[in-house]
Amino acid sequence: MTEVLEQLGYQVDFPENQTCCGQPAFNSGYRAEARTVARHFLKTFEKSECIVVPSGSCTGMITHHFAELFHKEPETLARVHSLEQRVWEFSTFLTQVAGVEDVGARLERVVTFHDGCHALRELGVKDAPRKLLARVRGLELREMTPAEECCGFGGTFAVKFSELSGAMARTKIEAIERTGAATVVSVDPSCLMQIQGALARAGSGVGTMHLAEVLASR
Amino acid sequence: MSRDHILHRVRTALGRNAGQGVADPPPARIRVPQVAMEARVASLIERVRALAGEALESADPRAFVANAIEGKTAVASNSAYLAERGISSLAGVRSGITDREELRAVCATADIGITSADYALADTGTLVMLSTPQEARMISLLPPAHIAIVPRERILTGLDELFSLIPNPANLSSSMVLITGPSRTADIEQILVRGVHGPGQITVVVA
Amino acid sequence: MTGEFDRKVHDTLVDAKLQLAVYTATARLKEKRIETVSSEALPDYQELRTQANAIKKHAIDNLDHYLEEFERNVVARGGKVVYCKDGSEVSDFVLGLARERAAHLIVKSKSMTTEEVDLNERLEHHGLESVETDLGEYILQLAHERPYHIVAPALHMTRYQVADLFERCLDVPQETVIEKQTALARTVLRQKFLAADIGISGANFLVADSGAVVIIENEGNARLTTTAPKIHIAVAGIEKVIPRAQDLATFLKLLARSATGQLLSVYTSFLAGPRRAGEIDGPDEFYVVLLDNGRTRLLPDKAKRQSLYCIRCGACLNTCPVYRKIGGHSFPWVYSGPIGAILTPQFMGVQHSPALPFASSLCGACGEVCPVKIDIPKILLELRSEVKKAETREKQNRLERLGFQGFAWLMTHPRIFEMVGRIGRSIGWPKSRRGPLGAWLSERELPPLPARSFREMWRRR
Chain S
35 MTEVLEQLGY QVDFPENQTC CGQPAFNSGY RAEARTVARH FLKTFEKSEC IVVPSGSCTG
95 MITHHFAELF HKEPETLARV HSLEQRVWEF STFLTQVAGV EDVGARLERV VTFHDGCHAL
155 RELGVKDAPR KLLARVRGLE LREMTPAEEC CGFGGTFAVK FSELSGAMAR TKIEAIERTG
215 AATVVSVDPS CLMQIQGALA RAGSGVGTMH LAEVLASR
Chain X
2 MSRDHILHRV RTALGRNAGQ GVADPPPARI RVPQVAMEAR VASLIERVRA LAGEALESAD
62 PRAFVANAIE GKTAVASNSA YLAERGISSL AGVRSGITDR EELRAVCATA DIGITSADYA
122 LADTGTLVML STPQEARMIS LLPPAHIAIV PRERILTGLD ELFSLIPNPA NLSSSMVLIT
182 GPSRTADIEQ ILVRGVHGPG QITVVVA
Chain D
11 MTGEFDRKVH DTLVDAKLQL AVYTATARLK EKRIETVSSE ALPDYQELRT QANAIKKHAI
71 DNLDHYLEEF ERNVVARGGK VVYCKDGSEV SDFVLGLARE RAAHLIVKSK SMTTEEVDLN
131 ERLEHHGLES VETDLGEYIL QLAHERPYHI VAPALHMTRY QVADLFERCL DVPQETVIEK
191 QTALARTVLR QKFLAADIGI SGANFLVADS GAVVIIENEG NARLTTTAPK IHIAVAGIEK
251 VIPRAQDLAT FLKLLARSAT GQLLSVYTSF LAGPRRAGEI DGPDEFYVVL LDNGRTRLLP
311 DKAKRQSLYC IRCGACLNTC PVYRKIGGHS FPWVYSGPIG AILTPQFMGV QHSPALPFAS
371 SLCGACGEVC PVKIDIPKIL LELRSEVKKA ETREKQNRLE RLGFQGFAWL MTHPRIFEMV
431 GRIGRSIGWP KSRRGPLGAW LSERELPPLP ARSFREMWRR R
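Chains as they are written, first to last, in the working numbering: chain S, 35 to 252; chain X, 2 to 208; chain D, 11 to 471.
Mixed in with the good hints, there may be bad ones.
Facing chain S, from chain D, some residues (calculated, C-beta under 8 Å) [to be verified]:
id: 1; residue: LEU23
id: 2; residue: LYS27
id: 3; residue: LEU28
id: 4; residue: LEU30
id: 5; residue: ALA31
id: 6; residue: TYR170
id: 7; residue: VAL332
id: 8; residue: TRP343
id: 9; residue: ALA369
id: 10; residue: GLN415
id: 11; residue: ALA418
id: 12; residue: GLU453
id: 13; residue: GLU455
id: 14; residue: PRO457
The following label-pair restraints were derived from C-beta to C-beta distances [to be verified]:
id: 15; chain 1: X; residue 1: GLY16; chain 2: D; residue 2: ARG403; range: 54 to 64 Å
id: 16; chain 1: D; residue 1: GLY434; chain 2: S; residue 2: PRO49; range: 44 to 54 Å
id: 17; chain 1: D; residue 1: LYS441; chain 2: S; residue 2: GLN119; range: 22 to 32 Å
id: 18; chain 1: S; residue 1: ASP161; chain 2: D; residue 2: VAL85; range: 48 to 58 Å
id: 19; chain 1: S; residue 1: GLN119; chain 2: D; residue 2: PHE464; range: 40 to 50 Å
None of these hints come from the bench; they were simulated from the model. Backbone N, C-alpha and C define an ideal beta-carbon position, used for all residues, glycine too.
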């Protein structure tokens with residue numbers, strides 16, 4: 035992601051104090067613990083002009099759920115609202131803030147794109163990654179059917195309900211295999227981890243790549 | 002008394018007092034489109050057919066019905082319109098029944114029930130039937146086939162127009178039924194079967 | 011409860027035939043819904059959802075007012091309203107009326123509310139015959155099973171199971187052709203309709219300005235239930251009230267499309283009171299039973315009150331990737347799918363079904379398809395927080411809480427976080443198959459650990 039952004043002329047900073055957005059705790063019902071982590075995030079990125087996130091679910095946590103965590107603290111809430119304006123999911127940043135679709139990438143591959151649920155439904159990310167992929171030289175994108183179905187990760191859901199999560203993953207990889215693609219691309223590392231794990235278990239030769247990796251390919 | 006107990010619990014939960022008024026509800030959303038009569042007729046027919054019903058225009062509904070009931074037993078409602086068009090007086094058609102038990106017995110054995118309709122809705126292929134001295138409920142319900150003769154002027158564009166004309170159907174009758182196609186179920190293995198309890202065959206004749 | 015839930019989920023996941031049945035049936039319903047609410051088919055779809063949500067919000071926020079208006083109008087039309095706190099009050103009322111009228115046979119059309127309170131069981135215990143008339147519900151009644159799906163109750167049964175059931179219960183020869191099975195049920199049930207003393211129905215909507223109940227169906231059994239017997243009793247939860255008949259122009263456009271992809275269900279009945287002078291048929295007596303059964307416990311919570319907006323279309327079930335795998339019988343109560351996951355803990359208390367709010371990947375598809383815009387994912391997250399608070403109070407699941415406290419500590423100590431990462435990468439994944447690692451590995455491979463962290467690469471630039 036850094037490569038792609040620098041290629042486009044941006045100065046990239048990586049605040050080293052960053053750790054996590056707190057989503058695992060929030061999704062598991064531990065709001066106090068999530069608040070602690072969120073506070074750290076706020077502090078770490080207080081001075082950052084523009085924050086780009088290579089994850090739909092993390093972006094969603096920050097822009098949609100931080101406010102819920104601090105609804106009883108007006109001062110922190112104000113800082114959260116300021117933060118919300120400055121946080122961007124990677125593909126959205128490229129198409130809407132940088133205003134680009136062609137980043138000069140080349141990758142000879144047949145791929146399919148997995149819409150992570152948070153990116154899709156919380157952030158409305160659907161067209162941006164596809165516009166970017168369309169400009170990658172040598173790349174062919176095939177859509178899977180059914181589309182827009184959950185991969186089954188869901189955070190701690192994947193281990194709390196592992197058999198169910200596995201069943202959902204298998205349905206997803208069946209759809210992937212039907213496309214004949216060599217690689218699954220997504221903007222969410224957690225989806226990719228789930229899908230890659232299921233593909234490997236099934237002995238499939240299909241691989242996974244984050245959108246940033248594709249766009250950095252030359 | 003459960004009534005007072007429940008209402009009290011509701012009010013407490015909502016932070017409201019007994020007898021407290023309410024702000025206006027969001028305005029009812031009624032948008033009546035302008036659609037020419039010919040287009041309405043065509044749409045009604047197309048929609049009924051899409052539901053595996055029979056639908057047609059006829060200048061001579063009496064002849065159509067006479068043909069349809071050939072060799073079958075039929076019961077017709079007391080609709081003035083059906084009487085005007087000579088349908089209720091056709092040979093083989095029982096009509097003029099006003100006793101509930103008698104009507105039920107006749108409907109339970111009849112092959113075909115014949116009615117008019119108060120309105121029809123063009124966009125969904127729907128018949129609108131109010132229970133009145135002229136139209137009993139069982140006629141469009143018990144027999145396995147239902148024929149409705151609908152004067153074209155009664156074809157409305159859709160639900161919005163219906164509720165615009167009749168904002169409160171309870172003022173007109175104890176029963177208003179919207180009938181959209183033949184009775185159906187897919188309860189066993191999702192396989193579609195028609196004519197479960199209501200009529201499996203429906204015919205809309207636009208006159 | 012968790013153990014039982016996990017067991018039921020497992021049993022469904024390993025049943026290949028059942029998996030196929032549930033998945034394909036819901037796929038069909040899901041596809042049909044998408045067709046009929048597309049921007050070509052229903053350009054106003056999003057506006058209608060917004061309107062439906064606004065009407066429900068207004069009605070629920072002013073529920074007492076609209077219940078009283080509804081009651082006044084029912085009475086004005088010659089009907090009666092009976093408020094019932096719970097299932098025993100409902101059955102007391104029905105039994106009392108049946109006794110007074112020397113009634114023995116009841117026909118019933120589909121009502122989830124009556125399933126909530128096991129009405130049939132209560133009535134049968136007191137010697138009344140109460141027959142379900144919706145084909146799917148009739149089959150389930152014979153089989154003594156619960157509905158599998160709000161709209162398609164016998165989703166899980168095959169024609170062969172139905173054939174066996176009919177052979178056993180109706181004393182007829184084996185018949186596996188579905189049309190013939192349906193015709194048989196039709197004949198049997200017709201006798202019941204025509205002989206019944208009382209018809210009990212549900213109600214999709216209670217219309218305050220008309221004193222009317224609205225019943226939506228495809229078979230015609232609800233029409234027969236509410237037309238043939240001399241007495242009609244409609245049983246509905248108090249939350250079913252809408253302010254005006256005109257609001258149906260909004261709700262009817264959404265309900266059938268969301269449920270099955272039909273433009274309108276075959277029959278929509280709008281019933282206000284017993285038959286009037288001059289009307290030839292219809293019941294002589296009309297009662298509406300308004301049931302609380304815990305709804306007033308949900309009302310105070312402003313954030314979760316929207317759970318009561320549900321119009322029982324089933325769209326959330328058809329779209330939920332979890333429901334489509336675990337089916338309706340995995341759920342502990344009569345409501346299944348995403349709506350069941352939020353209603354059950356609220357009606358029964360979070361301790362009754364603590365696993366339920368967690369049995370979701372939070373994909374958000376349910377909230378996206380709900381015609382009345384219930385924010386189901388948000389409510390699931392709230393319920394998760396409530397479960398954990400209850401566990402803290404009860405001193406349960408301490409290890410997990412400790413784990414997350416550790417997580418929060420680690421994430422606020424970046425140097426240590428980094429060190430833990432470095433150590434982890436050098437020793438590799440533990441060999442132990444216990445805990446979350448074991449759970450992960452039961453279904454998929456672990457991701458390869460990177461040689462260097464991003465931090466390390468960043469510093470080397």
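Hints, one by one, checked against the model:
1. About 5 Å separates the beta-carbon of D/LEU23 from the nearest beta-carbon of chain S, less than 8 Å, and the hint is met.
2. At its closest, the beta carbon of D/LYS27 sits 15 Å from a beta carbon of chain S; the interface hint therefore is violated under the 8 Å criterion.
3. For D/LEU28, the interface hint is violated, the least distance from its beta-carbon to any beta-carbon of chain S being 12 Å, above 8 Å.
4. A cut of 8 Å between beta carbons decides the hint on D/LEU30: the least distance to chain S is about 12 Å, and the hint is violated.
5. For D/ALA31, the suggested interface contact is broken, since its CB lies about 15 Å from the closest CB of chain S, more than 8 Å.
6. A least Cβ separation of about 25 Å between D/TYR170 and chain S goes past the 8 Å threshold, and the interface hint is therefore violated.
7. At a threshold of 8 Å, the smallest CB-CB gap from D/VAL332 to chain S is about 7 Å, leaving the interface hint in force.
8. Checking D/TRP343 against chain S: minimum C-beta separation of about 19 Å lies over 8 Å; hint violated.
9. With its C-beta approaching chain S no nearer than about 6 Å, D/ALA369 sits inside the 8 Å limit, and its interface hint holds.
10. Annotation: D/GLN415 was flagged as interfacial toward chain S, and the flag holds, the nearest CB pair being 6 Å apart, inside 8 Å.
11. A hinted interface residue such as D/ALA418 counts as satisfied when its beta carbon comes closer than 8 Å to some beta carbon of chain S; here the least separation is about 4 Å, so the hint holds.
12. For the restraint placing D/GLU453 at the interface with chain S, the shortest Cβ-Cβ distance is roughly 3 Å, inside the 8 Å limit, so the hint holds.
13. Proximity of D/GLU455 to chain S holds as hinted, the smallest CB-CB distance being about 4 Å (cut-off 8 Å).
14. The beta carbon of D/PRO457 is positioned within 8 Å of a beta carbon in chain S (closest approach about 5 Å), and the interface hint is therefore held.
15. Checking the proposed 54 to 64 Å range against X/GLY16 and D/ARG403 shows it is violated: the Cβ atoms sit about 27 Å from each other.
16. At about 22 Å, the CB distance of D/GLY434 to S/PRO49 disagrees with the hint of 44 to 54 Å.
17. About 46 Å separates the C-beta atoms of D/LYS441 and S/GLN119, a value inconsistent with the hinted range of 22 to 32 Å.
18. Distance hint check for S/ASP161 and D/VAL85: the Cβ-Cβ separation is about 56 Å, which falls inside the suggested range of 48 to 58 Å.
19. Remark: the range hint 40 to 50 Å for S/GLN119 to D/PHE464 is contradicted by a beta-carbon distance near 25 Å.
This entry does not satisfy hints 2, 3, 4, 5, 6, 8, 15, 16, 17 and 19, going by the numbered hints stated previously.
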